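Undergrad: Each protein sequence line maps, in turn, to chains H and G. Residue numbers for the first sequence follow this note's numbering, beginning at 1 and rising by one. Residue numbers for the second sequence follow this note's numbering, beginning at 1 and rising by one.
These are calculated hints, taken from the structure and not from any lab test. It should be emphasised that the depicted structure is a prediction, and the values quoted were computed from it without experimental measurement. Just so it is clear, CB atoms sit at the ideal spot from N, CA and C, and this is done for glycine as well. One or more of the hints may lead you astray.
[Claimed, not checked] Cut-off 25 angstroms, straight-line C-alpha distance, at most; resulting in silico cross-link-like pairs (DMTMM-like, lysine to aspartate or glutamate):
hint, chain 1, residue 1, chain 2, residue 2
1, H, Lys255, G, Asp265
2, H, Lys242, G, Glu275
3, H, Lys192, H, Asp231
4, H, Lys284, G, Asp17
5, H, Lys275, G, Glu241
6, G, Lys3, G, Asp70
7, H, Lys144, G, Asp223
[Unchecked claim] A partial selection of chain G residues facing chain H, derived with a Cβ cut-off under 8 angstroms:
hint, residue
8, Ser30
9, Ser50
10, Gly65
11, Ala104
12, Gly151
13, Glu174
14, Leu259
15, Leu264
16, Pro267
17, Gly269
18, Ala278
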Amino acid sequence: MTGNNFAAEFRAVNYTYNKGIAYEKHAVADVSLGIERGRVTGIIGSTGSGKSTLIKMLNGLVKPDDGEVIVDGVNIWDKKVKMRDVRFKVGLVMQYPEYQLFDETVEGDIAFGPRNMGVSEGELHERVVEAAGFSGLDTALLSKSPFDLSGGQKRRAALAGVMAMRPSILVLDEPAAGLDPSGRNEILGRIKSYQRENGNTVVIVSHSMEDVAKYCDRLAVLSEGRLVACDTTENIFTEGEKLQSIGLDVPEITKVADELEKLGVGVGRDVYTVKYAAEKLIEKYALGKGRE
Amino acid sequence: MSKIIKAENVSFAYEGDTPEERVEALKNVSFEIEEGTFTVILGRNGSGKSTLAKLLCMVNLPDSGRLVIDGVDVTRGDVTEDEIYDLRREIGMVFQNPDNQIVATIVEDDVAFGPENLGIEPAEIRRRVDEALSAVGMSEYARHSASRLSGGQKQRVAIAGALAMKRRCIIFDESTAMLDPLGRREVMKSIVRLNREEGITVILITHYMNEASFADRVIVMEDGGVVTEGTPDEVFSRPEEMFAAGLEVPQTTELLWRLRKAGLDVPLGTCTPSECAAIIKDALGKRGDAV
């Protein structure tokens, strides 16, 4: 296949949990989806829609029953492919990663990935410091035990552990869950800049419509294991009723834009951030231009 | 109305291994909560919200200051274990992770667990469980396996458990944080209902600003103290203060605030999307634009 610019691709993948017993669940059903290179793709869907199972396929933690998972043009389950190499390329930050810290020191924990990749001991410290800086983790904490950190600091340390491998595809499952608004914006802003400054590919799973609206270029929508839509963020959020019917929603500001349209003072329905809505209104009605 | 909670200069610190590791989580916090009201507590991670919740449930007692719960001063030198034990029955808590608070395999057994431990008559337990499940819209799941419910459904079962114990006050510590949009809507609906219709005092700790618009009163915490309190309208009409405390305001309010800064004469406060649009149209009209 040529012509696409996908960093990763699912081709007709299926996955069933507990196959053959009463609790059988078709978690991922015939999903075909391309993850565009150098973009931030959001994956949204209600609880149990298959989001986490799908992203675990990206680095081979879950093997599809059938179908193919392609990373950088190669089928990761091909006999010639070393899964280690795939995992160095695809950095997966799981939900509540703070529970996965294990080393005696924060530095050891962050260094674990790159050390396994064969990064020299001389370069390791530099990598660790860089990754800690990226995640907003105070380097004074590097010598501490991960268990002495606060919840927010642990989250950052876990993120740093993946960032230290400098993955070209960064995949995060609910990276901002449980954080306060400034913490959310800080972490998501840093992830966005990892994409913007280095051209990396990012995949974010989130339950927050406001967050994906702010940070994602494209959205893939899952419902009951199936892909029901994949498009630009603005196009996805014009389908408010469809999203609500599968347990999702649109950002509150998109609802305001809809109401403004109904009242005849609208600025379009493709509004999904507050900043954009304000700018459009200010421009359309020439607000703030030398009037009392 | 009576005050179910009264805190005067309450402080609490977590002792570390060394003096440097001591963390003063709450510093001279004072506030009052009227019985039957809905209070939302906002604040960034580490601002002391959960510590406060633990004091209100009497998991911990304050180091200093005065805390009066349902008329009983729990910080009194001669307060007895029995008094605290009785008070704990009045105040329940629903936590963040739906998977950490279900104890039985069948939904109705889980809801019955609390009242059974209180030694309630079986017939009365049956009545309470049915009522509680109905109050949170989960009656049809009574005989279902609890492990196979969605996150929002599990949280509603946890709420039913608190209802069946006839709690007069329920504290929700980020109980919607792990839920999807539908789960959040369902749980918020149940919370609002049990406040408005059952008269239960609700204290909701959350990071979702729009959930605060349901409250009678909002308390904003920062660095172990209360920095702002008032009605949602009062608190959100000062977005700069909220931003400074690491918080946000609802998107409707933020839009009005941005337009106001650009010179449009709109009031600040909480509103629904349709109210927000009407306010903007009205202000544009008064401005003399062709609207």
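Undergrad: Could you run down the list of hints and mark each one as holding or not?
TA: To see whether the hints hold, each was checked on the structure:
With a C-alpha separation of about 22 angstroms, the suggested pair H:Lys255 and G:Asp265 falls inside the 25 angstroms cut-off, and the hint holds. Note on H:Lys242 and G:Glu275: the hinted pairing holds, with a Cα-Cα distance of about 23 angstroms set against a maximum of 25 angstroms. Distance restraint check for H:Lys192 and H:Asp231: the Cα-Cα separation of roughly 19 angstroms lies within the 25 angstroms cut-off, and the hinted pair is therefore satisfied. Our distance criterion of 25 angstroms between C-alpha atoms is broken by H:Lys284 and G:Asp17, whose separation comes to about 61 angstroms.
Distance hint between H:Lys275 and G:Glu241 is fulfilled; the C-alpha atoms sit about 19 angstroms from each other, no more than 25 angstroms. Taken as a hint, the G:Lys3 and G:Asp70 pair is honoured in the structure, with Cα atoms around 7 angstroms apart against an allowance of 25 angstroms. Between H:Lys144 and G:Asp223 the CA atoms are separated by roughly 23 angstroms; this keeps the pair inside 25 angstroms, and the hint holds. With its C-beta approaching chain H no nearer than about 23 angstroms, G:Ser30 sits outside the 8 angstroms limit, and its interface hint is violated.
The interface hint given for G:Ser50 is violated, since its Cβ lies 10 angstroms from the closest Cβ of chain H, which is over the 8 angstroms cut-off. Contact between G:Gly65 and chain H, as hinted, is not supported at the beta carbon level, the nearest pair being about 24 angstroms apart and thus beyond 8 angstroms. Checking G:Ala104 against chain H by beta carbon gives a least distance of about 18 angstroms; that is not within 8 angstroms, so the hint is violated. Among the interface hints, the one on G:Gly151 holds; its C-beta lies about 5 angstroms from the nearest C-beta in chain H, closer than the 8 angstroms criterion.
Interface restraint check: G:Glu174 against chain H, minimum CB-CB distance 7 angstroms, threshold 8 angstroms, status holds. At a threshold of 8 angstroms, the smallest CB-CB gap from G:Leu259 to chain H is about 6 angstroms, leaving the interface hint in force. For G:Leu264, the interface hint holds, the least distance from its beta-carbon to any beta-carbon of chain H being 5 angstroms, beneath 8 angstroms. Nearest Cβ of chain H to the Cβ of G:Pro267: about 15 angstroms, over the 8 angstroms cut. The hint is violated.
At a threshold of 8 angstroms, the smallest CB-CB gap from G:Gly269 to chain H is about 15 angstroms, leaving the interface hint violated. With a least beta-carbon distance of about 7 angstroms to chain H, the hint placing G:Ala278 at the interface is held under the 8 angstroms criterion.
In terms of the numbered hints stated before, the structure departs from hints 4, 8, 9, 10, 11, 16 and 17, listed from lowest to highest.
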